[in-house]
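Please work from the sequences and hints to get the whole structure.
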Amino acid sequence: MKGGRFAAGVLALSLSGAMPGGAFPRETGPERVVRIAELEIDPARVEEYQRCLREEIEASIRAEPGVLKLYAVAVKGHPEQVRLFEMYASAEAYQAHLRSPHFLKYKEQTAGMVKSLRLLETEPILLGSKPD
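Numbering (the working numbering), first residue to last: 1 to 132.
To be clear, the hints were calculated from the coordinates, so they are not data collected in a lab. Treat the hints with care, as some may be off.
Unchecked claim - Cut-off 25 Å, straight-line C-alpha distance, at most; resulting in silico cross-link-like pairs (BS3-like, lysine-lysine): (1) Lys69 to Lys107; (2) Lys105 to Lys130; (3) Lys69 to Lys130.
See below:
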C-alpha cells in the first residue's frame, strides 16, 4: 500500500535520530501521544476539506497547550490522500482535543468529505526537532 509506506516514511523522518545542524532530541517521554491518520477525501471536495482542516489545525495550535504538533500533508500527485501527524503532551491532552469545539466542528463539517479514515497508534522512540 503506497499510502502506508508514505506514512511510515513520514514517521521515520519525524522520529529520526539523525538531526542535522546540531539539533538535539526533544519532547521525549512516555507521556507523549503520537498518532498518524491516513484519510481518503472525496476528490470533488479536496479544496473544501483543506479549508476545514486548516481552520481546525490553526485553532488547535492556538487554543490548546497540550496540542504540540499537527502536520498535514497529501501524497504527492494525490491530493485526496491526506496524512496527519499529531503529537499531544499526554493522553489527557489528546482526549481534551477530541472534545474541543473546533475539533467537533471540523468532524461535523468534514463528515461527508472523508471517504475513509485509518488511525495509527504509535510508540514514540525518539522525537527530534530543532529548537524554535
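Here is what the structure says about each hint:
1. Lys69 to Lys107: 19 Å, holds
2. Lys105 to Lys130: Measuring from Cα to Cα gives roughly 32 Å; hence the hint is violated.
3. Lys69 to Lys130: 13 Å, holds
Taken one by one, the earlier hints fail for this structure only at number 2.
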